[in-house]
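Use these hints to put chains S, E, Z, C and G onto chain X, whose structure you have.
6 protein chains.
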Amino acid sequence: MRILVVNVNTTESITHTIAEQARSVAAPGTEIVGLTPRLGAESVEGNFESYLAAIGVMDCVMAYDQPFDAVIQAGYGEHGREGLQELLDVPVVDITDAAASLAMLLGHSYSVVTTLERTVPLIQDRLRLAGLYQRCASVRASGLAVLELEASPSRALEAIVAQAEAAVHEDKAEVICLGCGGMAGLDALIRERAGVPVVDGVTAAVTLAESLVRLGLSTSKVRTYAKPRAKQIKGWPFEHGRG
Amino acid sequence: MRILVVNVNTTESITHTIAEQARSVAAPGTEIVGLTPRLGAESVEGNFESYLAAIGVMDCVMAYDQPFDAVIQAGYGEHGREGLQELLDVPVVDITDAAASLAMLLGHSYSVVTTLERTVPLIQDRLRLAGLYQRCASVRASGLAVLELEASPSRALEAIVAQAEAAVHEDKAEVICLGCGGMAGLDALIRERAGVPVVDGVTAAVTLAESLVRLGLSTSKVRTYAKPRAKQIKGWPFEHGRG
Amino acid sequence: MRILVVNVNTTESITHTIAEQARSVAAPGTEIVGLTPRLGAESVEGNFESYLAAIGVMDCVMAYDQPFDAVIQAGYGEHGREGLQELLDVPVVDITDAAASLAMLLGHSYSVVTTLERTVPLIQDRLRLAGLYQRCASVRASGLAVLELEASPSRALEAIVAQAEAAVHEDKAEVICLGCGGMAGLDALIRERAGVPVVDGVTAAVTLAESLVRLGLSTSKVRTYAKPRAKQIKGWPFEHGRG
Amino acid sequence: MRILVVNVNTTESITHTIAEQARSVAAPGTEIVGLTPRLGAESVEGNFESYLAAIGVMDCVMAYDQPFDAVIQAGYGEHGREGLQELLDVPVVDITDAAASLAMLLGHSYSVVTTLERTVPLIQDRLRLAGLYQRCASVRASGLAVLELEASPSRALEAIVAQAEAAVHEDKAEVICLGCGGMAGLDALIRERAGVPVVDGVTAAVTLAESLVRLGLSTSKVRTYAKPRAKQIKGWPFEHGRG
Amino acid sequence: MRILVVNVNTTESITHTIAEQARSVAAPGTEIVGLTPRLGAESVEGNFESYLAAIGVMDCVMAYDQPFDAVIQAGYGEHGREGLQELLDVPVVDITDAAASLAMLLGHSYSVVTTLERTVPLIQDRLRLAGLYQRCASVRASGLAVLELEASPSRALEAIVAQAEAAVHEDKAEVICLGCGGMAGLDALIRERAGVPVVDGVTAAVTLAESLVRLGLSTSKVRTYAKPRAKQIKGWPFEHGRG
Amino acid sequence: MRILVVNVNTTESITHTIAEQARSVAAPGTEIVGLTPRLGAESVEGNFESYLAAIGVMDCVMAYDQPFDAVIQAGYGEHGREGLQELLDVPVVDITDAAASLAMLLGHSYSVVTTLERTVPLIQDRLRLAGLYQRCASVRASGLAVLELEASPSRALEAIVAQAEAAVHEDKAEVICLGCGGMAGLDALIRERAGVPVVDGVTAAVTLAESLVRLGLSTSKVRTYAKPRAKQIKGWPFEHGRG
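Chains as they are written, first to last, in my numbering: chain X, 17 to 259; chain S, 17 to 259; chain E, 17 to 259; chain Z, 17 to 259; chain C, 17 to 259; chain G, 17 to 259.
Bound-form chain X, shown alone (with noise of 0.2 Å):
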């Protein structure tokens, strides 16, 4: 099967890094395409940045002209989820929700580890609203910005690890969520470090949508996600070359 990794910023590079960590866990016969947005940020740190992402992905999703079986968005707490889920019929899972979902089959309450203290309303409100924020213990930010992940790589460690041992010790958290699709390839370090298992959205997200795809579920069409209802819509979709 075929899998869409979409990133929701437009960095090439936080793109590859993104899809070999999904490579790293796919089950054989799965193929990883990793996809950049050609509208939106650098890095998505706010809400605007984020509906822009929102944009984005749709914009890059539907420009991909080859067959697919599964789409994640790789953006942590970003909008744009239930758009997609509109649009195709193939399934959509968000690593916001895939780390979730797995962190709670793991311990008795979870916390997401991000990056700066302005994206944690926006994470906190997409758990809220995807029903997974009841066992959720807290989440705290690094202080980290995206790019700077990317950058300065130790460092990044240093903070988020001690993020992760203040949400175990003093939030009660068993596991931690890793709040960043930049953040993938930290888990095991971080695992070590602070004791607890630790869950990075991207490779969750991967064995999620292998587990729709291969229970033949998609996302349902009856109300919510249902279809775009045929009308006139101006500047969508965006001519190919431009952004």
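Just so you know, these hints were derived from the structure itself, not from any lab. Mixed in with the good hints there might be a few duds.
[Stated by the list, open to error] For lysine to any residue, the following SDA-like pairs were computed, each having C-alpha atoms within a straight-line distance of at most 20 Å:
{"id": "1", "chain 1": "X", "residue 1": "K250", "chain 2": "S", "residue 2": "R54"}
{"id": "2", "chain 1": "E", "residue 1": "K237", "chain 2": "S", "residue 2": "G211"}
{"id": "3", "chain 1": "X", "residue 1": "K247", "chain 2": "S", "residue 2": "L132"}
[Claimed, not checked] Covered by chain G, according to a simulated footprint, are these stretches of chain X (three or more residues, beta-carbon under 8 Å):
{"id": "4", "stretch": "47 to 54"}
{"id": "5", "stretch": "116 to 125"}
{"id": "6", "stretch": "156 to 170"}
{"id": "7", "stretch": "186 to 194"}
{"id": "8", "stretch": "218 to 226"}
For every residue, glycine included, the Cβ atom is placed at its ideal position computed from N, Cα and C.
Same frame as chain X, now just chains S, E, Z, C and G:
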């Protein structure tokens, strides 16, 4: 003061209706400017279109080159308000929140009557995130699409009244919120028929926006709605003349 | 239009302060009438006194013999608003609800700073019932009694600012509500110090009451706030001259 | 021990019924004293009357000049209990809370059957604040006013049984609480008809009050229910002979 | 009346302590019978042991061959109460629920002080399901294992008092529930030290069980707690002499 | 990898059906081992039987003497999963949680269709504790006992389809979860009839268990699910040959 009232769809006649409705309650000295997005759907009835609306609204507000004191987002249950709050220093009022806030001052519980069944979960989710859902007795769909409201006002009226009455008698609503910008102007008729206060989001939002401006209050910038960080963004702002 | 602003305690100087604060934001043409209950405590800081306030407020509003268009109950977290809503045909706005409603338009979460620790649960409970508690980050007490606010304004200011700052930094509040009618007038100073919008309930309530009147909206009478049934009542209304 | 059972309305015959009901389950050695407020309505069916009841009950308890060990407030869903808890050192039990507390020991969910539809939100709100609402399947109104219960017991019985049966079959209630002090004595008949345990608030409160006294437990005085602070109060206590 | 007080662990000395505690408050004419399971752990501090306790308690109650009027399950936060409610016609009271029910009559919020940190989530979950968690300020662990309570009473007292004080001052608890059957007897000492009412689950449960019996109330049999259906069961009841 | 799929009742033919269903979706290289408890009821439809199942499942997993990589508890809404999580180092997946987790990726809300009405509250409670209940539209009973599913598959199909359709049309469910291990294999038929995705817990659990194993994730051991402490336990483990 000048208040921008931004439609969420691209249908100019609806922008006209909404702006007229806004003017009908604006205080002396308040200028209402109606804006129509140059990107988006002719009507918004689902997540894909709602995410387009989020971008379309931000685009047309940012492209507006005169000073203004507040913005009203005139779509019921749509995405985008948080992005505007980041981008602007002036207050932003969404008609979904405005209607619910005033309705809660008038009765123990309120219901929303909207257009199509598929939009009900969007409205519920927006009210949930806004923290205004606890006293919502129900969100009911009249079964009429947004554009049918304009085409068949008397049929629309009957369908909306039927749901308003069901909300009052079955769901124990004590106030009705009109759940669509395009319903502007029907409130007095429905109030007469349903026997309870009827809150129209557009007029509610005008008085709330004026209130905030008079009180010198605007969006908090300390965390969630801080200005977006300076960064490279592709495909934004939209160039003039496209869409 | 004429708006009655009713103090919840029997201290005339506080009524005067509240009325002046109300007048400072009232629209041209709005007359503010300050009323002081003839029954009740010199300050309200607990349930017993709050229940007396409920009766004292209803008594003085019913004894007012001129026409009026709206009533503001100017006590933070006190009982009684629902009774007024039954007795009157004009809208009733409690400053607790007013401040929270506007605060929620300005930030992702808000905190209340009030007087004594013992009043915190009353405020929390009133906000819970009003359906406005979900986005309340905290209710914090400055430790100063109501009458100390009048006697020592600079000490009061420091104590309130300290709690406002703690609310912003520890509880992640993005907006502060002043949780006492007697704090009227401190909002600009606190805003400057705490760096976030500060909502004063009295001024918020004035604009909300004006909004409802302008929109032709008043309390729903179909159920919870229907007129009291005709029946024999002992000891009510209070005879003139007592209290 | 001596327990004061305080009616919330001014109808002496209801006080008599309630006190007799209390005596029917009181332990040997427990003296039941029925009190009737000298201020308030002949029956309590709404917020205005409920606030009068709050004061009326506090007044008649404070005017009682003999020692007592506990107080029962015998109105379903009325205000005032928190005020009594501040004023007194002995335990205070409200029949609303008492019935719900015992009902929750008997089944997975319970319903309340009360008098008029307009009192339903009051009861729901009191149960919400008491923290006893989560397992409440419904609050249903028989449509009979309080005084009709006394005048037409057999008609009352039928109306209450009909709602109790609807609660069991439609709302999945497993226990019924009688939601009115005036329903005292109907419990055995309704239990037989509805096939589920029926909890009467007055008798439940007697055993709970006795339990607290026997265990040497009374209201916590550290915060919410601390003694009112010494201050000047106008019009209180009510002079003897008025009302 | 005869009340069975069933220990959840297999340590006879704890059964003895619990039964003595129960007798200290039982009404004249109430006989307390202490039962010790023949299956299970010497102390219960986790899910595995708690599930064993569920079976052990049901086994020893079903094996008891004399008539009885009520059963008290004397483990804090353990499984099993629902099974007993199905098997028996007489009322069943769990000490977790009993303590919380009475605590909520005494203060605006309560905390539980229990033994080991690992049992905290079990207690929280049991209170959540019981519908008694909303007003729980915290569940705190003293860090002492169940059997250490017996071995080192003075050390236990200090550790419990420290947590009780933290609950009052940091979590704003107004009442403390002793979260372990083995803490029976420490309540008076802790009350004196922490300055708030202290509710012991065993004595609370005795008065609640007596209350239900006196009121003629027992478990509803219409749905959740209906008698188990007749069916083939392997390995149950346990034969005499094993374990 | 080897996954143990443990039936919660003692009926071998149901174990066989469940194991076959599990094998139908297992990845190449995954060995499914079906286990039947030697203690417990022939079908589980209530709390007493569910607590027996908790012990029966733990017993047969602990008695299994070969290595394994994950355990699936194949009973819908039963007790015991937390105990297994303490005892084992490998991941444990309950089919109740598995079905809900995947259903939430497919639609805005889901419903469960189960067997007898009396099991509905058990399922609701397990979903509540699992933090997966918020988006549950309803739990509906087909009215057929577990063993009737095996005896009358066509009658079962009709009864389940009827409830699934009611869930979609009345409760607005967008996905259906089959609420009984014994319903394994009916999913395709019901999906065709009800028009929405149908999630079978057993197959969902297989893919989730495989996911966790592939990701190297297992139960957190820092708190709730830490290994039971070493202590004396009576009657456990069950001796071989009994039951």
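Each hint, compared with the structure:
1. Taking the CA atoms of K250/X and R54/S, the gap is about 7 Å. The hint holds against a cut of 20 Å.
2. The straight-line distance between the Cα atoms of K237/E and G211/S is roughly 9 Å, inside the 20 Å bound, and the hint therefore holds.
3. As the CA atoms of K247/X and L132/S are separated by approximately 15 Å, the hinted pair is consistent with the 20 Å bound.
4. Here's how the stretch 47 to 54 of chain X fares: 0 of its residues keep a CB closer than 8 Å to some CB of chain G, so the rule of at least three is not met and the hint is violated.
5. Coverage of the stretch 116 to 125 of chain X by chain G holds in this model, with 7 residues showing a Cβ closer than 8 Å to a Cβ of that chain against a need of three.
6. Counting residues of the stretch 156 to 170 of chain X whose CB falls under 8 Å from any CB of chain G gives 0; the rule of at least 3 is not met.
7. Counting residues of the stretch 186 to 194 of chain X whose C-beta lies closer than 8 Å to any C-beta of chain G gives 3; at least three are required, and the coverage claim holds.
8. By the rule of at least three residues with a Cβ nearer than 8 Å to a Cβ of chain G, the coverage given for the stretch 218 to 226 of chain X holds, with 5 such residues.
When each numbered hint is compared with the structure, violations occur for hints 4 and 6.
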